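Its first residue numbered 388, the sequence shown is counted upward by one per residue in our numbering.
The set of hints was computed from the structure by calculation and includes no laboratory data.
One or more hints might be untrue.
DSSO-like mimics (lysine-lysine), calculated; alpha carbons at most 27 Å apart, straight line [said to hold, decoys possible]: (1) Lys-450 to Lys-405; (2) Lys-405 to Lys-427; (3) Lys-423 to Lys-449; (4) Lys-405 to Lys-423; (5) Lys-427 to Lys-458.
Since we're looking at a predicted model, the values are computed, not measured.
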Amino acid sequence: FEDVEVNDISLADYIGVKPPRYAIYLPHTAGRYSVKRFRKAQCPIVERFVNAMMMHGRNNGKKLMAMRILKHTFEIIHLLTDANPIQVMVEAIINAGPREDSTRIGTAGVVRRQA
Numbered sequence: 388f389e390d391v392e393v394n395d396i397s398l399a400d401y402i403g404v405k406p407p408r409y410a411i412y413l414p415h416t417a418g419r420y421s422v423k424r425f426r427k428a429q430c431p432i433v434e435r436f437v438n439a440m441m442m443h444g445r446n447n448g449k450k451l452m453a454m455r456i457l458k459h460t461f462e463i464i465h466l467l468t469d470a471n472p473i474q475v476m477v478e479a480i481i482n483a484g485p486r487e488d489s490t491r492i493g494t495a496g497v498v499r500r501q502a
């Protein structure tokens with residue numbers, strides 16, 4: 388966790404990887420991150436990813452299965468690339484995020500720019 392860094396400054400506050408608070412090795416803190424708005428940004432990014440994998444009916448609530456899948460995935464990433472798998476995951480999240488861009492919105496002859 389020490390050498391993991393977030394290169395996108397817009398996502399640095401929302402991707403929790405900095406030790407000592409976010410450096411957990413078992414992504415099962417059972418924290419209440421949905422009590423307040425934007426508190427899920429305080430959740431460690433590995434645990435947020437595991438929680439996002441527990442969806443679509445047959446996988447609901449199976450956190451141990453999602454953790455096992457992520458562990459095997461991290462091992463495969465480490466064997467193939469010999470890089471830090473958490474850093475690879477952070478870079479993938481940054482690449483998957485939307486880009487800031489503006490477009491023209493025109494209705495009834497009025498054209499305005501919208502981000």
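Q: Identify every previously stated hint that the structure contradicts and give their numbers, smallest first.
A: When the structure is compared with the hints, none of them turns out to be violated.
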